[in-house]
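Once you have looked at the hints, place chain W on chain P.
So the sequence lines, in the order shown, correspond to chains P and W.
For the first sequence, UniProt numbering begins at 1 and goes up steadily by one.
For the second sequence, UniProt numbering begins at 1 and goes up steadily by one.
The reader is advised that the hints may include incorrect statements.
Since the list gives no way to pick one copy over another, a pair counts as held whenever it fits inside one copy or between any two copies.
Computed cross-link-like contacts, EDC-like style, restricted to lysine to aspartate or glutamate with a CA-CA straight-line distance of at most 20 Å [what the hints assert, rightly or not]: (1) 368 with 322; (2) 186 with 347; (3) 360 with 143; (4) 334 with 311; (5) 106 with 44; (6) 368 with 318; (7) 351 with 366; (8) 367 with 140; (9) 9 with 140; (10) 106 with 66; (11) 267 with 286; (12) 368 with 347; (13) 41 with 73; (14) 239 with 276; (15) 334 with 318; (16) 191 with 253; (17) 124 with 87; (18) 179 with 348; (19) 367 with 322.
Please keep in mind that the hints were generated in silico from the structure rather than gathered at the bench.
2 protein chains.
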Amino acid sequence: MGQYGEFTKADYYYIKRALSLARKGVGYVNPNPPVGAVIVKGGEIIGSGYHRAYGQYHAERIAIMDAKSNGADLRGATMYVTLEPCDHYGKTPPCTDAIIEAGISKVIIATRDPNPVSGDGITKLRNAGIDVQIGLMEEEAKDIMRFFIKSVTKKIPYVTLKYAATLDGKIADLEGNSKWITNNMKNIVHKLRHEHMAILVGANTILKDNPYLNTRVSGNTKYLNPIKVVLDREGRILKLKNLHDLNIFKTVDNHGFGKVILFTSSKDKFCLKVSEDKLQIIHSEEITPEFVLETLHNLKINSLLVEGGSEIFSQFLDFADEIYAFYALKVLGKGLYVFSCISNSLEDSGKQFKDFEISKLNVSQDKKEFMVVIKRCSLEL
Amino acid sequence: MGQYGEFTKADYYYIKRALSLARKGVGYVNPNPPVGAVIVKGGEIIGSGYHRAYGQYHAERIAIMDAKSNGADLRGATMYVTLEPCDHYGKTPPCTDAIIEAGISKVIIATRDPNPVSGDGITKLRNAGIDVQIGLMEEEAKDIMRFFIKSVTKKIPYVTLKYAATLDGKIADLEGNSKWITNNMKNIVHKLRHEHMAILVGANTILKDNPYLNTRVSGNTKYLNPIKVVLDREGRILKLKNLHDLNIFKTVDNHGFGKVILFTSSKDKFCLKVSEDKLQIIHSEEITPEFVLETLHNLKINSLLVEGGSEIFSQFLDFADEIYAFYALKVLGKGLYVFSCISNSLEDSGKQFKDFEISKLNVSQDKKEFMVVIKRCSLEL
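Isolated chain P, as found in the complex (with noise of 0.2 Å):
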């Protein structure tokens, strides 16, 4: 039910459309919204659409144009949009404008924009003379779009922890190997690594394992390689020699996906053989958990994939946002376990997760592993 008043069945089911266009964006769009479109008149669908790449039109535009190529007329029609839609200029014009020209008599929105840039487009189509009803499957936008509106609020990206661990969570043995405690979900990995922006990693991880850090899928989908995000405190990844051979460079396209962003405290010289566009860093004395969400998010990140080692899951726990753990059915007893520099009471080893739930349970096909998803309740980030 919708919070600004009563939808019909026929709403419902358009608006569960434009939701599923939308998150056919999701992962492409960053750091966008994904928004879906659809337009309807006497009781069909006229014309649908979502975002599909940053920079491209946005899903009302996109639905309009289909309409218009299906040779439609769109006077008099209801357009089902998951976002509010624009009213300003950015990469594309204002969404608004192409909206009251077509003619469309309604709009129904599933939530506001949250992003003050956008604009007022609600009152803009109202005083334009357009029915507009907002609230329709709210929640459920917002999940879609939950990168967008953590970032544009709080002015710091969405945060996802991943881990893998044993039963008795640890995510790595006595010698720190880790690779792979779990197996069987890995297509649920890369997928995650899609949809968010950034990857971050110790620099233990790359010392240890030299991963690529990218998305590999079997099959048609094509999906992003993000930027990695690397904590380097002490320069000890700078310092190597074969610094450029690592595999974290060798995953960097043309387009500047996949590119590294390196944090560091060390004031030494570097001879690097890595060039720019693959290579960013930063310096600072002091890197906390506060200054790299901050830094990320002025280089317009709006979502980060935190995933480890031991240290840096403990240092951000507290600002995560959403935690897939995956377990597998092993036991190491001894060994690093997935959050060693924490040290809570019983008491208060649940404070962190006081507003989160487990929103989802998944066995792998296999039957030897599992996955929980860990997520805020609400979405009022």
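Here is chain W on its own, set in the frame of chain P:
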């Protein structure tokens, strides 16, 4: 599909009824298997029953008595029964005799009885001219009577581990505080205690928490109190001046349900103020898991719920047939972890679970806790 022939849709319907009846006896019939029976004639159920308690009539006899009390003529009827009918005089006379006398002409059995003591019921029935079919929903039937099968075939009890941990696998904080890490699925724990004949805990658990280790349920279900097995190698519990005040003795009833069996290596002489029907002491120089399990088997205990702590979990992991793991949305970081005495390499970390798979994954109602049940895939125990 049965491995001994083809069954009809109606056969599946009736054996499912018999399996449901069998389940009602779980926890009440130990060390006997839970068994259900349904008698069908002319497409109608004319009698049904299940084994209700150790020493009382078997399911077959109860179903026959039920049919007779309904005034039914049993001649030419078909009996569906979840376990091969016994052919020996135990606490009650052979079920085979009752079936033959009643004139039942066909018996469909879910699974054979692995207990040599029960005699060859199938041959006895066939020799009397009864058509016997075997193997209908055999896996389900074996699962319901897995305590009995393990005990009869392996001469040790079926072992279930049950632990409650934080996301990072801790079962207590640095001060040893552990109750209640999980809190919202207590009804499942009490059902487990009821189903198993005995619970096992270490001396630390008794000394730290002074638990009752009984079954508590709100509602109408009457749960039985399990036998409490305590490992007290050094006699730290026996040394207690106020031993008789421990809560474990407060939950022993007049029928001996809930009594304490204590294993110790201590050779000290203790002046005990607890009567023998409440406390049985077993002395042994070495108290290995093997010794404990064999001793319990000889005491006719077919199932053991291992409740901790960490040292006990580590020792009994290799003997587990099933694990109930409860996790809470909590992080302790430093603390006592569930298998603290184990030290596996990553390579060996899955060896205990080669034949296991996840059989259940549940979220608590408040979405703050989840439960994973891990079980042997094969019932060839």
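Hint-by-hint comparison with the structure:
no. : hint         : verdict
1   : 368 with 322 : between (23 Å within a copy, 14 Å between copies)
2   : 186 with 347 : between (35 Å within a copy, 19 Å between copies)
3   : 360 with 143 : within (14 Å within a copy, 28 Å between copies)
4   : 334 with 311 : both (17 Å within a copy, 13 Å between copies)
5   : 106 with 44  : within (15 Å within a copy, 61 Å between copies)
6   : 368 with 318 : between (30 Å within a copy, 17 Å between copies)
7   : 351 with 366 : between (34 Å within a copy, 16 Å between copies)
8   : 367 with 140 : between (30 Å within a copy, 18 Å between copies)
9   : 9 with 140   : within (16 Å within a copy, 43 Å between copies)
10  : 106 with 66  : within (18 Å within a copy, 69 Å between copies)
11  : 267 with 286 : within (12 Å within a copy, 61 Å between copies)
12  : 368 with 347 : between (32 Å within a copy, 15 Å between copies)
13  : 41 with 73   : within (9 Å within a copy, 69 Å between copies)
14  : 239 with 276 : within (17 Å within a copy, 72 Å between copies)
15  : 334 with 318 : between (26 Å within a copy, 16 Å between copies)
16  : 191 with 253 : within (18 Å within a copy, 57 Å between copies)
17  : 124 with 87  : within (8 Å within a copy, 87 Å between copies)
18  : 179 with 348 : between (31 Å within a copy, 13 Å between copies)
19  : 367 with 322 : between (24 Å within a copy, 14 Å between copies)
Against the hints set out earlier in the document, no violation occurs for any number.
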